[in-house]
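Undergrad: Here is how the chains run, residue by residue.
There are 2 protein chains.
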Amino acid sequence: MTHPKHYEDQPHIKLTEEAYLSVLRALANEPEALGRLLADIHPADIADLIERLPRHERGIILSHIPYEHLGDVVAELEEGVQAHVLRLLRPEEVRHAIAELESDDAADMAQVVEELADDTGPDAEDLLDDGETKQLLTYAEDTAGAMMQLEVFTAKPTQTATELLGYLRDSADDMPNNPGTVFVVDGERKLLGTVSLHRLVKAPLAASMESIMRREPLTVNPTTNSDEVIQIFEKYDLHNLAVVEVDGTLLGRITIDDVLDTVQANAAYVQAAAAGVDESEDLFAPVSETTRHRLPWLGINLITAIAAAAVIALFENSIAQLTTLAVLMPIVASMGGNATTQTQTVIIRGLALGQITKQNAWALLKKEFMAGGYIGTILALVMAIGVGLLYGNWMLALVIALATVANHLIAAAAGWFTPLLLKRFNYDPAISTGVITTTFTDVGGFFVFLGLATLLLL
Amino acid sequence: MTHPKHYEDQPHIKLTEEAYLSVLRALANEPEALGRLLADIHPADIADLIERLPRHERGIILSHIPYEHLGDVVAELEEGVQAHVLRLLRPEEVRHAIAELESDDAADMAQVVEELADDTGPDAEDLLDDGETKQLLTYAEDTAGAMMQLEVFTAKPTQTATELLGYLRDSADDMPNNPGTVFVVDGERKLLGTVSLHRLVKAPLAASMESIMRREPLTVNPTTNSDEVIQIFEKYDLHNLAVVEVDGTLLGRITIDDVLDTVQANAAYVQAAAAGVDESEDLFAPVSETTRHRLPWLGINLITAIAAAAVIALFENSIAQLTTLAVLMPIVASMGGNATTQTQTVIIRGLALGQITKQNAWALLKKEFMAGGYIGTILALVMAIGVGLLYGNWMLALVIALATVANHLIAAAAGWFTPLLLKRFNYDPAISTGVITTTFTDVGGFFVFLGLATLLLL
Chain R
1 MTHPKHYEDQ PHIKLTEEAY LSVLRALANE PEALGRLLAD IHPADIADLI ERLPRHERGI
61 ILSHIPYEHL GDVVAELEEG VQAHVLRLLR PEEVRHAIAE LESDDAADMA QVVEELADDT
121 GPDAEDLLDD GETKQLLTYA EDTAGAMMQL EVFTAKPTQT ATELLGYLRD SADDMPNNPG
181 TVFVVDGERK LLGTVSLHRL VKAPLAASME SIMRREPLTV NPTTNSDEVI QIFEKYDLHN
241 LAVVEVDGTL LGRITIDDVL DTVQANAAYV QAAAAGVDES EDLFAPVSET TRHRLPWLGI
301 NLITAIAAAA VIALFENSIA QLTTLAVLMP IVASMGGNAT TQTQTVIIRG LALGQITKQN
361 AWALLKKEFM AGGYIGTILA LVMAIGVGLL YGNWMLALVI ALATVANHLI AAAAGWFTPL
421 LLKRFNYDPA ISTGVITTTF TDVGGFFVFL GLATLLLL
Chain E
1 MTHPKHYEDQ PHIKLTEEAY LSVLRALANE PEALGRLLAD IHPADIADLI ERLPRHERGI
61 ILSHIPYEHL GDVVAELEEG VQAHVLRLLR PEEVRHAIAE LESDDAADMA QVVEELADDT
121 GPDAEDLLDD GETKQLLTYA EDTAGAMMQL EVFTAKPTQT ATELLGYLRD SADDMPNNPG
181 TVFVVDGERK LLGTVSLHRL VKAPLAASME SIMRREPLTV NPTTNSDEVI QIFEKYDLHN
241 LAVVEVDGTL LGRITIDDVL DTVQANAAYV QAAAAGVDES EDLFAPVSET TRHRLPWLGI
301 NLITAIAAAA VIALFENSIA QLTTLAVLMP IVASMGGNAT TQTQTVIIRG LALGQITKQN
361 AWALLKKEFM AGGYIGTILA LVMAIGVGLL YGNWMLALVI ALATVANHLI AAAAGWFTPL
421 LLKRFNYDPA ISTGVITTTF TDVGGFFVFL GLATLLLL
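Those sequence lines, one after another, are chains R and E.
When we follow my numbering, the leftmost residue of the first sequence carries the number 1, and every step to the right adds one.
When we follow my numbering, the leftmost residue of the second sequence carries the number 1, and every step to the right adds one.
Hints listed in this document are in silico derivations from the structure and should not be mistaken for laboratory results.
There may be inaccurate statements among the hints.
For identical chains, the list gives no copy identity; a pair is met inside one copy or between any two copies.
[Claimed, not checked] Straight-line C-alpha distance at most 20 Å; calculated SDA-like pairs for lysine to any residue:
1) 190 / 359
2) 358 / 26
3) 156 / 288
4) 366 / 273
5) 366 / 66
6) 366 / 292
7) 358 / 146
8) 134 / 165
9) 358 / 20
10) 190 / 122
11) 156 / 207
12) 366 / 87
13) 423 / 79
14) 134 / 100
15) 156 / 205
16) 358 / 16
17) 358 / 114
18) 423 / 88
19) 358 / 280
20) 190 / 68
21) 423 / 322
22) 358 / 17
23) 366 / 90
24) 366 / 287
25) 358 / 142
26) 366 / 286
27) 190 / 17
28) 134 / 409
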């Protein structure tokens, strides 16, 4: 998120512990002092402050934010808190906040407002003044189109460095806050090349854009997946990336600070989704909302837990004959669960980095199998000796050892094929792998251990 | 990582599937063609290629990389693969690779080489030509000092925009690839202010740096934690951040592309550490190395699994009387484990974002307790009805219901206090919370369920 120009001169003030406590004091005792306190705090820090406050205190802060900072404060909020705050604002305040933002942030916020509103509320389109900005609403989340901003600095191929530098100086106010890169386009706005700002500054004054531009620059289409955009930025150390139509027409640009935001947001999303919580969950969301977000995931896990229990139920007679089996069975299952988490972590990361290909996937399975067998054998020996010494039953020791090795092989196989399969069917392996693999190691662990015990001991 | 200037003009070539397969074919059939193929591929893409190859094929690629790209290729490799590759290179190749890099990357690589070498190998200091670059070796990992580069563009406060623009044009070759920001310093190199490149370009030609610089810019010290650096970049949308001594002397700068790299590296580290795998694990590391990395974590988990088993052992008599207890007990424990993961995910994220403070921590516990009780009650009802109908034993249904609610309260409490406690003692909650909380819900789940059953049923 780039701040509009009116912040450029404002010093960056960090929200010190002291400033935070002053605001809390003012909130409790003299709300009329809030306006003065908040005027000195950076919008991003005001956003932080709001996120820390219980819901009933947020409205008071909101009503004291300097009006020209409102858009920035709301844009900086975490999604869940943002939704709450947008519902607290009056319609004209929302409209004002959106008008203050750059195109990408404006479109995002308009969309959030639309989603929050009931059917009689405003459409996102109504909230945006500009036709081009409205266009941004049409791109799906997780695409380059959704990450792009329309504010770009374009030039003709025949323009010289002198002309452009003069133009930048004279029309400074119309420019994006950080132009970053000059996009060189022809008469039909087809992208011909790019000139970074530092390249422009270093170039001879008489040089034409055509002569100094990077030809065939890397570009993406608005439908390019955001993960791919992130990889391109990281790999080629870009600061600006052009978004073009399939025919080469320049649409907008993606900036590295938006990429940084997206990276952090994606990481938070994956972590939240893997645990079955809402990634935008406001810390102080009402309990009913929290329950609604968290319950479905627990329901899925209940089904997998019942599957594991069903396997145990198959062997209830064996447990009745030797209750020690009930004591030891969770160890076998749990060690398998941890081992499969290790394998899948390595595989998921390899997939994310594009290191795993059709050509090397089998070699990787072989390696994980060998590692699983090796690690399983070491743990099996430790457990067999422990069980043998504790219970004096060396046949039981053999059973737990065999089951441990077998479950580590199951763990290796599940940790390898589950993420590959999910990826193959376009699911994000980082989110759903865990619940599937641990079902395998739970069901597998109980089955192998109790099954071997029934065969060999009873 | 910023590429040295000689790549500036090289078009960015993506490693297409086609190019990848050509290299694989050449590798198998005509290694002499490799040099020609690799000359056209971007160093970052050659690094990708090496990461995908099994270890025995990497040396052949290495020997065909254009010599002037060697440093960049090696710098772009993942840590584990980088270690392997550095061992394959001759000492003079390593020295050459390091000399090609910018100060921060050069210092990083020198350090890796030192760590890999036996006692007779080179020290990191010997590998760096420049005294200031050697200084970079003294900063601890995870600090601003370790993220910083020395290449900065400084100016005197009295210099004008014309002078600086002229200087940039004339001495373009001595400049960092992307100067980004002008750091205005006094005669003793004390930082007075900053002027971003776009601000310099927009300024009137006669304006002095003093008149256009941002005074009191945000700075960090070399000992500032890298997490704090990342937060500052994100929050204030910076592209360059000055690193200064406590007395204000300018040491270097941190750039947003290095921040992006650090963010990704940290995320990978946390994921790997939480699963107990080495974050730099080369996909094709030897099995012995993989075992050494993964076994300690499984050892810790073995201890927690034994703790849970010990609780079950306390109630072996109860299980002997009613083996159905053995069937149902993993369900109670496993649901608690999933619930505590949900709570801790929200708390860990809140801590990372600085949203949780002394003032609101208790309100949060109350909220999590209420959510846990609510969710636990819903699940308890589902399970009680299922158990009652299946076994016709409504007392057993009551036991599983009570145990489920109790374990969800344990889950909420553990998911709340564990990350707060770890953070309090300066451990990263994202890494170690899971193993602790699930021990609570396993031990707690077994104990409450089997204990209640013993009290109420037998």
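Undergrad: So, for every hint listed, does it hold in this structure?
TA: How the hints compare with the structure:
no.	hint	in the structure
1	190 / 359	neither (39 Å within a copy, 55 Å between copies)
2	358 / 26	between (62 Å within a copy, 18 Å between copies)
3	156 / 288	neither (57 Å within a copy, 60 Å between copies)
4	366 / 273	neither (30 Å within a copy, 24 Å between copies)
5	366 / 66	neither (62 Å within a copy, 33 Å between copies)
6	366 / 292	between (42 Å within a copy, 18 Å between copies)
7	358 / 146	neither (31 Å within a copy, 37 Å between copies)
8	134 / 165	neither (31 Å within a copy, 39 Å between copies)
9	358 / 20	between (54 Å within a copy, 12 Å between copies)
10	190 / 122	neither (35 Å within a copy, 53 Å between copies)
11	156 / 207	within (13 Å within a copy, 28 Å between copies)
12	366 / 87	neither (55 Å within a copy, 25 Å between copies)
13	423 / 79	neither (27 Å within a copy, 25 Å between copies)
14	134 / 100	within (15 Å within a copy, 47 Å between copies)
15	156 / 205	within (16 Å within a copy, 24 Å between copies)
16	358 / 16	between (52 Å within a copy, 14 Å between copies)
17	358 / 114	neither (43 Å within a copy, 35 Å between copies)
18	423 / 88	neither (41 Å within a copy, 33 Å between copies)
19	358 / 280	neither (36 Å within a copy, 22 Å between copies)
20	190 / 68	neither (36 Å within a copy, 34 Å between copies)
21	423 / 322	neither (43 Å within a copy, 44 Å between copies)
22	358 / 17	between (53 Å within a copy, 11 Å between copies)
23	366 / 90	neither (61 Å within a copy, 31 Å between copies)
24	366 / 287	between (47 Å within a copy, 10 Å between copies)
25	358 / 142	neither (26 Å within a copy, 36 Å between copies)
26	366 / 286	between (49 Å within a copy, 12 Å between copies)
27	190 / 17	neither (51 Å within a copy, 27 Å between copies)
28	134 / 409	neither (54 Å within a copy, 47 Å between copies)
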